[in-house]
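Asker: Chains as they are written, first to last, in the working numbering: chain A, 1 to 110; chain B, 1001 to 1760.
Hints are computed from structural coordinates only; laboratory data are not their basis.
There's no promise every hint is true.
Said to hold, decoys possible - Ranges between beta-carbon positions, derived for each pair:
| no. | chain 1 | residue 1 | chain 2 | residue 2 | range |
| --- | --- | --- | --- | --- | --- |
| 1 | B | ASP1034 | A | GLY26 | 54 to 60 angstroms |
| 2 | B | ASP1407 | A | PHE39 | 43 to 49 angstroms |
| 3 | A | PHE39 | B | ASP1034 | 30 to 36 angstroms |
| 4 | A | GLY26 | B | LYS1064 | 48 to 54 angstroms |
| 5 | A | GLY26 | B | ASN1735 | 48 to 54 angstroms |
| 6 | A | GLY26 | B | ALA1038 | 46 to 52 angstroms |
| 7 | B | PRO1317 | A | LYS7 | 46 to 52 angstroms |
| 8 | B | LYS1397 | A | MET34 | 38 to 44 angstroms |
| 9 | B | PRO1317 | A | PRO48 | 35 to 41 angstroms |
| 10 | B | ARG1367 | A | GLU2 | 33 to 39 angstroms |
What the hints assert, rightly or not - Selected chain A positions facing chain B (in silico; Cβ < 10 angstroms):
| no. | residue |
| --- | --- |
| 11 | MET1 |
| 12 | GLU2 |
| 13 | LYS7 |
| 14 | PHE39 |
| 15 | LYS40 |
| 16 | LYS59 |
| 17 | GLY68 |
| 18 | TRP71 |
| 19 | ALA74 |
In this text, all values refer to a predicted model and were calculated from it rather than measured experimentally.
Even glycine gets a Cβ: it sits at the ideal position worked out from N, Cα and C.
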Amino acid sequence: MEQTTFKVPKMYADHHVKAVRDALLGLDGVEEVMASSAFKIVQVSYDPDLTSPETIEEKLQAAGYGPGEDWEVASVPEGKEDRSPWFQLIGRVTETNKVDLEMSGEFRLY
Amino acid sequence: MSRYIATRGIRGANRIVKEAEDLFEKALAEHGPDTKVAFPNTGYYLPVILGITGTEVERLGDLKPVLEHARSLLHPVPEDRLWTPYLGEALDCGIATLLAEEVIMGIRFIYGEQPERLPGFRLAGGTFTSPDEAEEGGVEGRLNGPIDDIQLRSWGIQLVDGRMPGFAAIIGAAKSNEVAVKIVRELQMRNILVFLCGNVNGRSIIHQLTEEGVELGYDTYTVPFGTDTISAIYAAGFATRAALTFGGKKGGQTREIFLYNKFRVFAFGLALGEVDDLKYATAGGVISYGFPVIADTVIPEILPTGVTQYEHVISMPFDDIEGKDDLERATRLVQRCIEVRGVKVKIAEIPIPIPYGSAFEGERVKRADMRIEFGGKYSRAFEYLRMRDLDEVEDGKIEIVGPGFEDVEEGGYMDLGIVVEVAGRKMQEDFEPVLERQIHYFINGASGVQHIGQRDIAWIRVSKSAAEKGLTLRHFGDILYARFHSDFEAIVDKVQVTIYTDPEKMKEWLEVARAAYDVRNKRLVEMTDESVDAFYSCTLCQSFAPNHVCVVSPERLGLCGAYNWLDCKASHQINPTGPNQPVPKGEPLDSDKGYWQGPIDFVYEHSNHTVEKVSMYSIMEDPMTACGCFECIAMVIPEANGIMVVSREDPSMTPAGMTFSTLAGMAGGGLQTPGVMGVGKYYLASKKFIRPDGGFKRVVWMSSFLKESMAEELKAVAEREGDPDLIDRIADERNVTTVEELVAWLEEHDHPALKMPPIL
């Protein structure tokens, strides 16, 4: 029995955990799957005579959970960019005002 | 606000909205924009979307603006350089998450993926009415999915009278199966409704409880939604509908709906196991409802209050909880949840060897699991409560006259008579039947004991597991003694219980009991609205429907069916400042229509001055308002010159072109709508039923459920009305579903309503 671990950023919630487990547990030689949506990690215990990390990775990719692949989500949603009208209208800034930071001390850091 | 929580919640929200958009595009391409989208048996469309945005989603295409709105609520994932507290952004993203989750669930219904399939699973009892139920031959193999309106309304009265103090949404999986069982049992014992969803590494608390043989379903207050976090949206849907159903709120009144939940719905989330981005994002959504979230793992906490009345996010790492073992730790975890949300819990200490609580009331004991039964097909059981003088009752005395069931073969039966004698300075003979009816609920609260019926048609089953844990006949006495004292302490000072199994004594007492039942029946028949000076109010539901006041008279029971005039009178004695206050009739203005100055003044004063005038009997003129817990809705069908009566158990289409759920939106929430009225089903049998509008002969259509469940009463009404065949002339959903069909049916069956003066 051997173990291999994959980072699966797409697996951010438990319905993806189910999908990943269903995909991998259907593979010959996969004995156990530990999938964590909190850490976005999949740990697979497998029989090296029956399967390999490459086959497991292919299976993950086929199921839409290729290791290292993430959702194509814009880091800043449309209209919410800094200095966009949205922020200007309601007077919010997303950059640290150093004066504020100094005044508030460590409390604001957490 | 915790940077960590905000970051992960916002990240989760961005992803789930993207996922919902992708799924929507796929469904749109495969099914088209006109495909119907609906949760089963609800008149509230997709309820969270309706509540938050006011959008009535009926077709797939309707989801597009919802997703656009969700996207507009998203915010950038905070970066390290960003120090702002993020609360507003995190809450916005939480709402976006809920909208996206409900969109996903709506689309899953299109694909037949909801309610979720779970091979081998079987729901306990319940009123689940999935479209697939018929073809699946029952509810086997599917989880519950969203709670239907019927169940929401039937729980309404328990939610408002405190029997059901709140609900808990459990997401994930417990440390072990036994911890899962313990957590749920602790919640059940406090009568807290439990919603189950989510998983950790593929394993859900639903799996854990099922493996341990815990019955899940409406009847046991434990509702399995699904094995992922997205299905937690059904809990938010339940909360939203509580505000829409009982609070009289309308779709789109987002702020009011949230405030209603914050102050009136005692709910919390309990995250078991690791917490991922979507769980944080969903928590951000439920915090807006005022519900805190407690996790049994190490996560950052949000302790200041504000959006919720209490702390928002609490971390209580399971292994760090003080306790001698995991079971004790589970108990403490539940206690902490209850403290955090401020759920008001009242538990009676019952000295019996099995768990006890209202959550066990609906449990069924199947024949295969049965140790013994009393009553039913093969034996007889009765229960009788009578009032005695104080010196005739020995408080706490429990006596068994005859053998116990220890020597009866497994699966066998025996005769049983339960005689409860009570005494108290404020006790009155009129309260005897009120208290006697409680025996049903009290006995049923024991886990593994099933009680059906009352008086001399009682039927009790004891399960093998309850008997193995040491339950004996004496414990029935213990239960009754403890509950009568705790629930009726204001009128009951002494209680003694005698249980008869001896055939001779049993026969003797059955005769005594039957004579008493007969006297009570006659007294009830003689009691009319004219024979009393005061009616009683019921404002129990004002915690949910602030503008609604029920006026209960001897001939018009409460619309929920749970309170008649005698119940209210007893309740007033028990709690003189409580929700049941005497309403002196005062000057009669038009006693035929049911106008008395007393009830009019009382209702105006106690409905926040919103209901200016109320008639006790008319459906057309100033009808009584309703909260949302009504058993039936009566509605005028002008084309048929009569009214239809639809029961909440009936999910079918009515001749009004609406189902019960849709009609309920017009009848509930304390609104006065002439032509529509929420009523208790036994009001149909009253001589005063819509008397000024023509009485029972106006009924042209009624749910077959009512015809069957009230066959005897309706037969008597038909005879009283001088038309013994009247019930057969009334259409039901089996033969009529449209107005045209109804009119044809009435003509064919020569219904008297057609010859009556116009109802409008």
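Asker: Hints first: check each against the structure and report whether it holds.
Answerer: Cross-check of the supplied hints:
1. ASP1034/B - GLY26/A: 54 to 60 angstroms: violated (36 angstroms)
2. ASP1407/B - PHE39/A: 43 to 49 angstroms: Once the Cβ atoms are compared, 60 angstroms apart, the range 43 to 49 angstroms for PHE39/A and ASP1407/B is violated.
3. PHE39/A - ASP1034/B: 30 to 36 angstroms: violated (43 angstroms)
4. GLY26/A - LYS1064/B: 48 to 54 angstroms: violated (35 angstroms)
5. GLY26/A - ASN1735/B: 48 to 54 angstroms: holds (51 angstroms)
6. GLY26/A - ALA1038/B: 46 to 52 angstroms: For ALA1038/B against GLY26/A, whose Cβ atoms are near 33 angstroms apart, the range 46 to 52 angstroms is violated.
7. PRO1317/B - LYS7/A: 46 to 52 angstroms: violated (26 angstroms)
8. LYS1397/B - MET34/A: 38 to 44 angstroms: violated (60 angstroms)
9. PRO1317/B - PRO48/A: 35 to 41 angstroms: holds (37 angstroms)
10. ARG1367/B - GLU2/A: 33 to 39 angstroms: About 52 angstroms separates the Cβ atoms of ARG1367/B and GLU2/A, which means 33 to 39 angstroms is violated.
11. MET1: MET1/A check fails; min Cβ-Cβ to chain B is 18 angstroms, beyond 10 angstroms.
12. GLU2: Violated, because the Cβ-Cβ distance from GLU2/A to chain B comes to roughly 19 angstroms (cut-off 10 angstroms).
13. LYS7: Where the cut-off is 10 angstroms and the nearest Cβ of chain B is about 14 angstroms from LYS7/A, the hint is violated.
14. PHE39: Holds. Min distance 8 angstroms.
15. LYS40: holds (8 angstroms)
16. LYS59: Given a least distance of 16 angstroms, the restraint on LYS59/A is violated.
17. GLY68: violated (16 angstroms)
18. TRP71: It holds, given that the least Cβ distance between TRP71/A and chain B is near 5 angstroms, below 10 angstroms.
19. ALA74: Holds - the Cβ of ALA74/A comes within 10 angstroms of chain B, reaching about 8 angstroms at its closest.
Hint violations for this structure: numbers 1, 2, 3, 4, 6, 7, 8, 10, 11, 12, 13, 16 and 17, all remaining hints satisfied.
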